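Protein chains: 6
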Amino acid sequence: MVYITRREQFSAAHKLVREDWSAEKNLEIFGKCSSPNWHGHNYQLFVTVKGEQNPDTSFVANLSDVSKVICKKVIAKLDHKNINLDVDFMKGKLSTTETLAVEIWKQLETSMQKLNCELHCVKIQETENNYVEFFGK
Amino acid sequence: MVYITRREQFSAAHKLVREDWSAEKNLEIFGKCSSPNWHGHNYQLFVTVKGEQNPDTSFVANLSDVSKVICKKVIAKLDHKNINLDVDFMKGKLSTTETLAVEIWKQLETSMQKLNCELHCVKIQETENNYVEFFGK
Amino acid sequence: MVYITRREQFSAAHKLVREDWSAEKNLEIFGKCSSPNWHGHNYQLFVTVKGEQNPDTSFVANLSDVSKVICKKVIAKLDHKNINLDVDFMKGKLSTTETLAVEIWKQLETSMQKLNCELHCVKIQETENNYVEFFGK
Amino acid sequence: MVYITRREQFSAAHKLVREDWSAEKNLEIFGKCSSPNWHGHNYQLFVTVKGEQNPDTSFVANLSDVSKVICKKVIAKLDHKNINLDVDFMKGKLSTTETLAVEIWKQLETSMQKLNCELHCVKIQETENNYVEFFGK
Amino acid sequence: MVYITRREQFSAAHKLVREDWSAEKNLEIFGKCSSPNWHGHNYQLFVTVKGEQNPDTSFVANLSDVSKVICKKVIAKLDHKNINLDVDFMKGKLSTTETLAVEIWKQLETSMQKLNCELHCVKIQETENNYVEFFGK
Amino acid sequence: MVYITRREQFSAAHKLVREDWSAEKNLEIFGKCSSPNWHGHNYQLFVTVKGEQNPDTSFVANLSDVSKVICKKVIAKLDHKNINLDVDFMKGKLSTTETLAVEIWKQLETSMQKLNCELHCVKIQETENNYVEFFGK
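Respectively, the protein sequence lines represent chains Z, U, G, C, W and D.
Under the numbering used here, think of the first position of the first sequence as 14, with each following residue one higher.
Under the numbering used here, think of the first position of the second sequence as 14, with each following residue one higher.
Under the numbering used here, think of the first position of the third sequence as 14, with each following residue one higher.
Under the numbering used here, think of the first position of the fourth sequence as 14, with each following residue one higher.
Under the numbering used here, think of the first position of the fifth sequence as 14, with each following residue one higher.
Under the numbering used here, think of the first position of the sixth sequence as 14, with each following residue one higher.
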């Protein structure tokens, strides 16, 4: 069993606001992230898959295929977009990095199986001081 | 003459759109950056000042003072904000990195003189692949 | 279960010396790190906690709270200090990165439980070539 | 149980080509990596070992010894070399990052036991977008 | 006058050998870089152009155009190639980073004028410890 | 004229204190850097030299020679040392990054001329947020 990781990036806008809360409560809980006119980040996405090495290629999976899947299922929907307004799989959800990691997992899990490997970890780095990891359970 | 540089960061939303242009023309010229619902970045700002060393402290300027000026005049206005909508010194301007560098220069130039040093360069890194520098002329 | 990580930094002096050993033996075992007048590092501290997402906020824990705990319990005691001389929880211990990680774990474990999450890993990067991780057992 | 990691680097040439395949098939499967006159990378190698802290030194292992082993067994054979042509432990194998990680594991496993610690992970970063990890099974 | 910089990357093989010198002399002068079966690097290329801001777009130049020029004239010829054997503009030259920077300048100078800006600097980073800059004279 | 840069690193302890000032004044001016029992940093030193390419090697200077000079004249004196107590060329001086850059320039200037190139810049990065450059005048 070998683990391979592909990094992709996207630049997106978001804010953390619950509409059923007052502006004051949003500010208290979400701090600067509740700023009404949006802010944004350069997100780094690290997708780790695991599997046996294919005896013909010695690859676990062709990283070129892994990258294509991530770009089609995730990056194309998020890059230069507004996470709260533009992204189908985030509709109606708070755009925390935690939820983003869980929802990106759901977008990728089946596709990685089709590449004969298993999704192991979705890691999202929001700033150089913060990152989130989800291992599927 | 010694040059000292302070890095500060801000996370902000923006888009590149001219309202007197059609959506098609905006897309042609500004590409993904014209996406209507905003996107955003972790911007890194490098401010370089130059001067003689103060004989009492051997500092060109106290970086703690330099940082305070940058945070008050620039970061407080940009961090977790929308560059197009929220920032007084960017009102009515296209939020390209070039213009951002020039306008940040204007915010800082006089204040750096008060610290007995001279503003030398404003550098803004928008992504790991792109940065802009302005030297005041 | 989602894992979130917060990075904090501190700049500190230390040396690796056992007073019951000769200077020669200290040099043999600890190399340049036994230099008598101290040396120092920019340490990077990565604290990972894990937990279920809070249904109200979708946070595992508010990273602002996580940061406050780390700064109060750890960074305030280490930053711009001498690890051997100034830090209560390192008194009488060799200031190796291994021991630092274990002792920082002890400073943080209970406080993270109060934030309704579980401490998962303390990682300390001493130079770009060396880091240590402790998972609590 | 504490985990310590040492980073070493090597610059090497390689290509991904199976001689029993046509140039077309090699290009289809291995893409640009099948370019006939070689290409190369700055590889970063992260070796993680785990163990109890030695009560005399509080080290898991002396990183200076860990580094010496890695340099003698791995870096000296790979740095400024051609992975396909010059490296004994890669002879007759496809020089994918996966295989490189597995074969480096084999070079290091016994030597790390002699340092009274256990090899935990071999991680190789080929570019800033790709890395591979092997945990020995 | 504003300066904008675009980073692109390429992975290439090379060696430093003069065929009119003995292997011993090549080793003495070029060290490990004279290893006969090639080695390679992940090269980072930073291209800086300068100019006035275009009043219509506030760009010095559209970085998307700058990137296209660099990729067509330079990256397509170097990425996953052998600098000594495969690259037309390096034929018959020693593949030092200095010469690479000078020759890349020649490939780009005219094209940047067509984008209404002026080439200011070609910087090539070969490893994290070494880089070369050429300003055209 | 081509510019080449070599990075070297050192880990050192220091503090910023004037003995003719009270502890209060030292704290007011130098902040945390006046902490009495020292602190320290991983300093990164970037040395840039410039010159014509040697027609025999196409090098401006052999980076291996440049590195040897920097290590002998600077790194050997600073690495794992106390800047205030152990370093001959810093005796009696405040250990600010500005002064360190100026004094390192003096250590290197003549030696670089012997390598047939000219010292252009000494840059010292003290933390990821601060760096200083000195160009010799």
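Calculated directly from the structure, the hints in this document are not laboratory data.
Values in this document were obtained by computation on a predicted structure and should not be read as measured data.
Careful: at least some of the hints might be erroneous.
[Stated by the list, open to error] Ranges between beta-carbon positions, derived for each pair:
(1) Phe102/U with Gly149/G: 46 to 52 Å
(2) Ser77/U with Lys85/G: 19 to 25 Å
(3) Asn67/W with Ser77/U: 37 to 43 Å
(4) Ser77/U with Glu41/Z: 27 to 33 Å
[To be verified] With a straight-line Cα cutoff of 30 Å, these simulated DSS-like cross-link-like pairs (lysine-lysine) come out:
(5) Lys81/Z with Lys104/W
(6) Lys38/D with Lys127/U
(7) Lys38/D with Lys106/G
For each residue, glycine too, the CB sits at the ideal point set by N, CA and C.
The hints, checked one at a time:
1. Phe102/U with Gly149/G: 46 to 52 Å: 49 Å, holds
2. Ser77/U with Lys85/G: 19 to 25 Å: Once the Cβ atoms are compared, 22 Å apart, the range 19 to 25 Å for lysine 85/G and serine 77/U holds.
3. Asn67/W with Ser77/U: 37 to 43 Å: Given a distance of about 39 Å, which is inside 37 to 43 Å, the answer is holds.
4. Ser77/U with Glu41/Z: 27 to 33 Å: 30 Å, holds
5. Lys81/Z with Lys104/W: At roughly 35 Å apart (the allowed maximum being 30 Å), lysine 104/W and lysine 81/Z break the hint.
6. Lys38/D with Lys127/U: 21 Å, holds
7. Lys38/D with Lys106/G: Status violated; Cα separation ~33 Å.
Of the numbered hints listed earlier, those contradicted by the structure are 5, 7.
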